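Visitor: Chains P and C supply the protein sequences, listed in that same order. So the first sequence is numbered by the numbering used here: it starts at 1 and just counts up by one. So the second sequence is numbered by the numbering used here: it starts at 1 and just counts up by one.
These aren't lab readings, by the way, just hints derived from the structure by calculation. Computed from a predicted model, the values in this text were never measured in an experiment. There may be inaccurate statements among the hints.
Computed far set for chain P versus chain C, every beta-carbon distance over 10 Å [said to hold, decoys possible]: (1) 56; (2) 188; (3) 394.
Ranges of calculated distance between the beta carbons of each label pair, as one might list FRET restraints [unchecked claim]: (4) C/282 with P/232: 35 to 41 Å; (5) P/384 with C/101: 39 to 45 Å; (6) P/384 with C/280: 55 to 61 Å; (7) P/520 with C/206: 42 to 48 Å.
Covered by chain C, according to a simulated footprint, are these stretches of chain P (three or more residues, beta-carbon under 8 Å) [claimed, not checked]: (8) 339-348; (9) 451-459; (10) 467-478; (11) 485-494.
Glycine included, each C-beta is placed from N, C-alpha and C at the ideal position.
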Amino acid sequence: MFINRLTKTLKSWTNKAPEPTSAPGPPKKQPLSRNYEDNIKKLQQLFANCADVQFHPFQINLEEPVRAFIIYATTITDNQVISDSILKTLLEETRKLQQLTKGGNANLLQIIQDSLLNLTETSTVSNLDEVERKVFAGNAVLIIDGSSSALAAGVRGGENRSIVESDTEPGVRGPKDGFIESIDTNMSLIRRRLKTSRLKLETLEVGELTHTKIAVCYIQGIVNEQLLQEVKQRIGRIKTDSILEGSYIEELIMDEQYSLFPLVQYTERPDKVTASLLEGRIAILVDNSPMPLLIPATFITMLQAAEDYYHGSVFATFTRILRLIALNLALLLPSVTVAVFSFHQELLPTHLVSSVAGTRQGLPLPIALEILVIEFTFELLREAGIRLPKTIGQAISTVGGLVIGQAAVNAGLVSPISVIVVATTAIASFSIPNYDAGYALRILRFMLILLASFLGGVGIMFGLMIILIHLCSLRSFGVPYLIPFAPLSLGEIKDILVRAPWWAMSKRPKSFRTVNPTRQKDNQGPSKPKYRRKRS
Amino acid sequence: MIVISTAILLIPGITAEKAAESAWLSVLIALAVGIVDLMLIYYLGRRFPKLTLSEYAEILLGKTLGKVLTFGYVLFFLTISVLVLREFTDFLNMNLMPETPPYVFQTGLMIVAAYAVVKGIEVIVRVNQFILPLFILSLAVLLALAVRDMDLSNLQPFLDKGVLSVVDASLVPIAWFGQIVVLVFLFPKVNQAEDILRNGIFGIIAAGILLTFITVATLTVFGPEYTGDMYFAFLYLAKYIKFVTIQRLEFLVIFIWVSGIVVKVAVMYYLETMTLVRMFSLQSKKYVLLGLALLNIILPNLLFESPVDVGHFLKNIWPSIALTFELLIPGLLLLLTVIKKKKVGRYH
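The task is simple: from the sequences and hints, build the whole structure.
Guide: Structure follows, in structure tokens:
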């Protein structure tokens with residue numbers, strides 16, 4: 001309630017801010033004129049002080065020479081292609097051009113596009129706005145005298161990171177390629193895995209200044225149409241000047257604004273995206289972001305790793321159960337420790353009581369405060385480790401973890417038990433594949449420690465119930481967040497708590513309301529060969 | 001589920017006192033009555049599938065009488081939630097944290113319940129769905145561990161106090177099973193109304209069997225004399241279990257039980273709030289929510305002096321109130337619809 005009111009006030013403040021004045025320069029929607037000088041003047045005004053935009057005037061040598069110029073942004077185009085495929089052709093292939101224009105050069109541009117340029121990606125544009133967009137999308141735009149439209153040819157170039165293994169989601173077995181910042185490369189990584197026309201990649205642009213290219217990917221015939229419409233509608237509603245990362249989109253289309261839990265998943269792995277598409281989910285690729293969004297997301301998707309599907313089903317099941325335990329440890333271990341030590345000492349076995357009591361003798365802080373302090377120090381260390389260069393990061397962990405931890409225990413400031421508890425919690429929280437889910441756990445952990453220090457185990461239960469109620473109320477694009485558990489569907493457990501072998505998963509999960517639930521033929525399990533070798 | 005959570009802890013003690021060795025039979029009787037009750041509610045609900053009891057009571061009885069009846073139900077639900085809260089705090093004060101003042105627990109619980117009520121009945125049901133498997137699993141583990149200490153001779157002699165005492169003892173469990181009467185207020189919210197009967201009967205039977213097992217377990221472990229004296233017999237069962245290094249299992253019971261209590265209070269709280277809001281056609285439920293929370297925190301400590309009072313109330317007064325609201329009124333309403341031959345279609 002308070003937060004709502006706060007945002008309302010904030011909104012009313014921001015609404016009072018003056019509307020941003022329109023950008024200087026000629027009005028955008030202005031069409032190109034037939035006049036060469038006029039065009040050049042307007043465009044030079046438009047691209048004034050843009051050091052990377054190059055104007056290259058030249059003449060096309062027909063019987064009557066025609067003046068022309070091309071504009072391109074040098075930094076994001078391939079200069080080799082411009083000179084080889086455009087300039088060279090236009091300047092040197094005069095004979096061919098003369099032949100082609102025998103019937104008059106009224107539609108010279110069309111002739112050049114159709115019969116001369118050996119580039120695959122060409123289109124015509126007719127106003128300044130489009131010229132601007134094309135130039136910054138990596139096109140060379142050709143404008144010739146006497147034509148009111150221009151020819152844009154895709155000559156994209158410039159620097160891209162090469163495809164490397166994902167840093168955030170590394171794995172032992174399975175494909176090693178990871179997404180990069182270029183949306184085209186990312187689309188190709190998905191397309192390579194799904195060679196079907198049913199994989200749709202719908203692109204659109206969002207952001208009035210960034211013109212960020214966004215691709216909505218889904219598999220027709222598997223994805224639920226209603227879900228798709230909802231996603232498209234929500235993206236269509238976005239009116240902003242900039243999209244720098246997928247997370248901008250994520251926050252603008254999420255169901256619940258102030259939830260700690262991630263309602264949209266992201267991944268750096270193309271194989272994970274492909275598998276999700278095959279389950280009837282939708283991926284949103286955002287240019288300049290190596291992390292496509294996956295929607296809808298459910299709680300359990302946060303606990304699954306792509307590698308689960310590449311290892312044997314028994315081992316994967318073991319890992320999943322391990323992760324589930326880790327989740328509980330990461331959330332509960334410190335608070336349960338606080339509750340047991342300060343309220344329910346009788347829970348400890350007798351021999352442990354004496355040893356624990358011995359280590360806690362003469363400590364200055366009560367256990368709750370002690371654990372809070374160590375947790376806080378640990379959070380500091382983690383934050384420092386992330387921001388620092390990798391080499392120094394290691395030094396930090398040595399100093400922080402080993403030196404301070406050891407020294408604090410020796411100095412009698414904290415008990416070794418609390419250090420062990422916090423360290424175990426940290427390790428458990430690292431074993432959860434989704435980083436955002438880790439965030440939620442970190443914050444909730446603090447909340448639970450406080451509750452445990454007030455009301456002991458009952459306080460923890462209250463806290464857990466609040467979390468559970470919250471989780472039950474969450475929806476990600478209409479899909480209940482806790483779906484295979486609440487609402488309960490037992491059939492889905494085969495891919496949640498356990499990872500059944502592939503031949504046993506002939507149905508897609510129902511969670512994402514796919515319209516085509518059958519993945520493969522039933523009963524493809526291995527069977528013993530019918531013919532046995534005869535004894536010789 | 002609503003039924004199980006509190007019943008588990010209290011029923012063995014209360015029933016054992018009256019029926020001793022045949023206590024488990026009373027649970028089975030209650031089970032049968034529970035099914036009859038469910039059918040009653042189901043057929044009543046089928047006649048007005050889009051209305052809650054408060055709405056069709058006004059159609060059947062006229063405006064004033066209908067409102068009085070609805071208000072009666074609100075009080076009834078309030079009594080249940082107050083009782084549950086009181087039991088909850090007594091339980092915690094007696095077994096876990098004797099020094100914490102009761103209203104601290106009650107306030108905490110009401111905050112959690114209020115959050116659930118704000119989120120709506122669908123969320124409450126989902127929470128319930130999530131907890132239920134854990135609940136059953138932990139009970140099954142406990143019962144399995146208790147098998148070692150069971151002594152079946154404690155169940156004999158069978159029916160030595162006569163059939164009547166068994167029937168008498170079954171009144172309390174009947175009152176607990178009868179709490180499915182909340183369905184008459186939730187009927188329009190149920191998606192598959194046709195399945196209510198089947199699923200409901202299945203649920204009641206499952207709960208009944210579970211309760212029977214628990215009663216049998218406590219009886220066979222402790223014998224009828226002790227069980228009758230114990231206030232929270234099942235908890236002592238959990239305390240009693242020692243399986244190699246696994247012991248002190250009562251904490252498992254307590255914590256799982258807390259979650260069940262939260263759901264139950266949330267359901268009652270929801271019904272109180274929504275019925276009042278609808279009755280007086282209020283715009284916002286904020287103040288009703290707050291007022292009821294305060295009532296729920298104050299009343300448990302005001303109405304009962306000690307846990308003994310609660311036990312007395314539950315044994316002697318509660319069954320008659322509960323049965324009126326759970327069996328008698330729905331029954332009479334059903335009779336009235338049959339007599340008046342209200343057409344079903346008109347109120348859709």
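Visitor: Indicate, hint by hint, whether the structure satisfies it.
Guide: Consistency of the hints with the structure:
1. Every CB of chain C lies more than 10 Å from the CB of residue 56 of chain P, the least distance being 63 Å, so the non-interface label holds.
2. With a least CB separation of 41 Å from chain C, residue 188 of chain P remains clear of the 10 Å interface cut-off, as annotated.
3. The beta carbon of residue 394 of chain P is kept farther than 10 Å from every beta carbon of chain C, the shortest such distance being approximately 41 Å.
4. Between residue 282 of chain C and residue 232 of chain P the beta carbon distance is about 39 Å. The supplied range of 35 to 41 Å therefore holds.
5. At roughly 43 Å, the beta-carbon separation of residue 384 of chain P and residue 101 of chain C lies within the given 39 to 45 Å, and the hint holds.
6. Between residue 384 of chain P and residue 280 of chain C the Cβ separation comes to about 58 Å, which falls inside the hinted range of 55 to 61 Å.
7. Taken as a hint, the range 42 to 48 Å is violated for the pair residue 520 of chain P and residue 206 of chain C, whose Cβ atoms sit roughly 36 Å apart.
8. Counting residues of the region 339-348 of chain P whose CB lies closer than 8 Å to any CB of chain C gives 4, so the stated coverage by that chain holds, three being the minimum.
9. Requiring three or more residues with a Cβ within less than 8 Å of a Cβ of chain C, the coverage given for the region 451-459 of chain P holds, as 5 such residues are present.
10. With 5 residues having a Cβ less than 8 Å from any Cβ of chain C, the region 467-478 of chain P passes the three-residue criterion, so the hint holds.
11. With 4 residues having a beta carbon nearer than 8 Å to a beta carbon of chain C, the region 485-494 of chain P meets the requirement of three or more and the stated coverage holds.
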